[in-house]
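Engineer: In case you want the letters, here they are:
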Amino acid sequence: MPSSTLLEGDSCPKTPARGSRVTWPTKLLVLVAVLQVWASTSMGLSPWKGGGFGMFSTSDSPAQRRLLIGIVDADGVEHPALVPAPLRQTALECRTWPRQRCLADLGAALVELRWAPLTLAKAESEYARLAEPLAGDSPAGDPASGSADDPSDDPPVAANVLRAQADHDRNSPRTVVPVAVRVRIVQLRFFREPARLEAQSLLALEVVSP
Amino acid sequence: MSAPPSPIVLMRLLASPEGREAVVASASLALVLLHPDSAWYIAAPCRVLALAMLLHRPWQRAPQPWLALGFLVLAGAMTGWASADNHRYLIGYWLLSVGVAYQHRTPAPYLHTSARLMIGSCFAFATLHKLASHEFMSGAFFHFSLLQDPRLEVMSRVCGLSPEAVRLNEAARSVLATPSSELTAITLADAPGLARAALLMTYWTVAIEGLLALAFLSRWPAVLFRNRDVLLLAFILTTYALAPVIGFGWLLLVMGLAQVEPQRSPWIPAGYCALLLLVQLYSTPWQRLVASVMGLS
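From first to last, the protein sequence lines stand for chains D and X.
Converting from the first sequence to my numbering requires adding 1495 to each position, the first position being numbered 1.
Converting from the second sequence to my numbering requires adding 6 to each position, the first position being numbered 1.
Take every hint as true, because none was put in to throw you off.
Estimated spans, in silico, between C-beta atoms of each pair:
(1) D:Trp1519 <-> X:Arg225: 20 to 26 Å
(2) D:Ala1699 <-> X:Thr85: 25 to 31 Å
(3) X:Arg63 <-> D:Thr1536: 44 to 50 Å
Short derived list, chain D residues pointing at chain X, Cβ under 7 Å:
(4) Arg1516
(5) Thr1521
(6) Ala1528
(7) Gly1546
(8) Gly1547
(9) Phe1548
(10) Ser1552
(11) Ser1554
(12) Glu1588
(13) Thr1591
(14) Pro1689
(15) Arg1691
Source of the hints: derived by calculation from the structure; they are not laboratory data.
Glycine included, each C-beta is placed from N, C-alpha and C at the ideal position.
Kindly generate the complete structure, drawing on both the sequences and the hints.
Structural biologist: So this is what it looks like as structure tokens:
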């Protein structure tokens, strides 16, 4: 039987001095938590993140911070836009810790993209649209055969927001080529009496197309 | 086929240091398996290693597998820092602490001290954040949570918020979160009882978290130090029922069990083990069931 076990605690016969029992992972915890307090109080890091213990101390979590994208077209009109899927992680990092560098990187990536209005189409119409180019290649004939409606009878509804275009639909006549992109982080802040939410700007940046 | 162990057998197991050591190791590995990292390249090797350690008992007493597991979990927290909850870091520190403890000929005191100081430190920093937050100390944080957080909906309803008001507040947040929205402010539906309940929750949270920090970091006052386990169990029992961050609750219980002194009543480690099971039930929609029984849904 070994003389030591994990949970003998203070009764262990070969107990080292108390001070020397503080191991480096505990010190690392304290170091990271101190840095997190500094970053969250003076550099805009959300107190909910970063390895400190600020969760549930404030409503200022990344979920309460919004990233707003404005695509400026050749006429100078700004259109709201959705965050493209490949840039969601960068967008989350910008919301969690808003910094000029992060917004600049995000803006530079967004201004390179082509944009089109987000449209909401019926599933049948979308299937028929995607199947159309494949109709000649399919051994089974027209993949859209059997659809009762002509897709053109049921045009998609455009939402008041842009989405990044995929490579395959870049030649759409409704493509918006940005001359600039405006990126803003706003925080939803709660006020009492009367209870209300207000969006307050934390950081904003404009990136002009090269 | 052998019969399942009776509660008395489990109590005997927990009364021995070896038995508790086995429970702490197994529960730490179960934590890794049940609450994996969101990134597959971290989660997969962690699962393989944790399973191997569960199946091959000698690896549970070797430092290298624990250190490898700890570094992997910390790497996951750091690469996903924007979304990683704070307890992901704490899981990493804990696994590293177990590894460091096994590097010593007498691991027990190292692990005991690490567990106690880590629990105390995380409550100290949590209290510091809350005391420094005007929003929290004014009661506004819990007031907002009662208006918006679906986990607190039953309590909001008990405090007088109508179902229509709950739905309106959900819609209000959606309006501000919509990219095309031009609104910059929106009014929320409120109820008079919410502000009082929010203040009560504020004072209770600061008091119990502050006491926990003191109880686990300082041997003075002695009465608090001696009763730190009861305080921690009370915190977990009450807090995670409402805010079911199961991984964090489980981790606190594992660390709590690891720092129980051998001379303590066997009911204390048994209490930790009972809550290890109970916190899993907190993830069930029990609040909705209670609400339907009370006629609030």
